[in-house]
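*Asks:* The residues making up each chain are set out below.
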Amino acid sequence: MLLALSNGESFATGANLYSFDPVPGEDVSARIILQVLVEGQLTSAVLDTGAPYLICSPSLSRHIGFDGEFALSQHEILIRGYRVKGSLYRINLELIATEGEGLTLEVVAFVPDPDEAFNFPTFLGFLGCLEWTRFAVDPSSNTFYFGPHP
Amino acid sequence: MNGRSQHIPGTGALSLPVLSEDWRESAMDRMEDAAEAGNGYAFLSAYKGIEDEELPPADYIRIIQLALKAGAHLAAREISAQANRRHPSDSEVQKYARLLAPPKLVRRSPQTHPYIEANHNWMKQHGRDYRGQWVAILNGQLLGASASFDDLIGQLNNLQINDTKDVLLTIAC
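Keeping their order, the protein sequence lines are chains A and B. When we follow my numbering, the leftmost residue of the first sequence carries the number 1, and every step to the right adds one. When we follow my numbering, the leftmost residue of the second sequence carries the number 1, and every step to the right adds one.
Worth flagging that the hints you see were computed from the coordinates, not collected in a lab. Among these hints, one or two may not hold up.
Claimed, not checked - If you want the footprint, here are the derived chain B segments under chain A, 3+ residues with CB under 8 Å: (1) 41 to 49; (2) 68 to 81; (3) 100 to 114.
What the hints assert, rightly or not - Derived SDA-like pairs (lysine to any residue); straight-line CA-CA distance at most 25 Å: (4) Lys85/A <-> Lys124/B; (5) Lys165/B <-> Glu99/A; (6) Lys104/B <-> Val28/A; (7) Lys95/B <-> Arg31/A; (8) Lys95/B <-> Asp52/B; (9) Lys104/B <-> Asp52/B; (10) Lys85/A <-> Pro102/B; (11) Lys165/B <-> Leu3/A; (12) Lys124/B <-> Arg31/A; (13) Lys104/B <-> Gly25/A.
Even glycine gets a Cβ: it sits at the ideal position worked out from N, Cα and C.
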């Protein structure tokens, strides 16, 4: 069952399962990890509302073939205190539904340069990515609810 | 006022304030320092001094780049939108404004994805065995695993899988 506001308006129009595990690396904090479609490619992504943009590994983005026409290359950006060089793109992200409707959003993506040794799953940041999406989690069923901003 | 007013020739009227070159350079220097230090607050403070001024497109581009470097990502978007309002025909300014604009809803997809639950269950049961490796999973079945993404794609090609859209490609957690 999807979520609704007290006036009957839908809050969430779709829901998906998530896992709650640490991401490989030094940080052992468990993270919400969802399966999503990045430009139509199925992958998993770590919810990180403290970071901006969708952050995608260089090898995966190369395989998908991000459109470089509107890309901004050779940018140095600060993410969570780390300075990373890479490129900014505009791409389609689909929040997949196992219940209800999926939601495709055009978001800002950042791809670190190959020599940045970024070997992580995709990250879903807030600014530029999920900021116009309503979302909620139910930890009792590991369900991620989402819906479009009205 | 940060700048100086100029007389419009032949009218005696004053035009809008023109930012003094020194003041602009000082503000740019402070933004450069803030970006180098990764100090978003210092960047915003420096930018506040010139935000109402008319700047050329190249200055706006540089300021947006510094905002990104300083971690002031929301400011980078707002400055790119402001630059686009002031210089709507400048292609570089347009590019930044378009790229950093807020996300947009493209469409809703009525169908659910068939493999999610099976993939989720595989990750739950086996993910830790492959932690840190790239894995390829199709409907709950492991197709390949490697520390190298390119090697993993090679494994899929050997299985005659060239279209990977429905294959979950990720780093196991």
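*Asks:* Next step is simple, just say for each hint if it's right about the structure.
*Replies:* Hints, verified against the model:
Counting residues of the stretch 41 to 49 of chain B whose C-beta lies closer than 8 Å to any C-beta of chain A gives 0; at least three are required, and the coverage claim is violated. Chain A is given as covering the stretch 68 to 81 of chain B, and this holds because 7 residues of the stretch bring a CB closer than 8 Å to a CB of that chain, at least three being needed. Counting residues of the stretch 100 to 114 of chain B whose C-beta lies closer than 8 Å to any C-beta of chain A gives 13; at least three are required, and the coverage claim holds. For the suggested pair lysine 85/A and lysine 124/B, the alpha carbons sit about 33 Å apart, so the restraint of at most 25 Å is broken.
Between lysine 165/B and glutamate 99/A, the direct Cα distance comes to roughly 21 Å. Compliance with the 25 Å bound is thereby established for this hinted pair. Between lysine 104/B and valine 28/A the alpha-carbon distance is near 33 Å, which puts this suggested pair outside the 25 Å criterion. Proposed proximity of lysine 95/B and arginine 31/A is contradicted: the alpha carbons are some 34 Å apart, above 25 Å. Restraint check: the Cα-Cα separation between lysine 95/B and aspartate 52/B comes to about 22 Å, which is no more than 25 Å; the hinted pair holds.
With a CA separation close to 28 Å, the supplied pair lysine 104/B and aspartate 52/B exceeds the 25 Å bound. In summary, the hint linking lysine 85/A to proline 102/B is supported, as the alpha carbons are separated by about 22 Å, within the 25 Å threshold. With a C-alpha separation of about 30 Å, the suggested pairing of lysine 165/B with leucine 3/A is violated against the 25 Å cut-off. Distance restraint check for lysine 124/B and arginine 31/A: the Cα-Cα separation of roughly 14 Å lies within the 25 Å cut-off, and the hinted pair is therefore satisfied.
For the hint pairing lysine 104/B with glycine 25/A, the CA-to-CA distance comes to about 32 Å; that exceeds 25 Å, so the pair is violated.
Consistency note: the structure conflicts with the earlier hints numbered 1, 4, 6, 7, 9, 11, 13.
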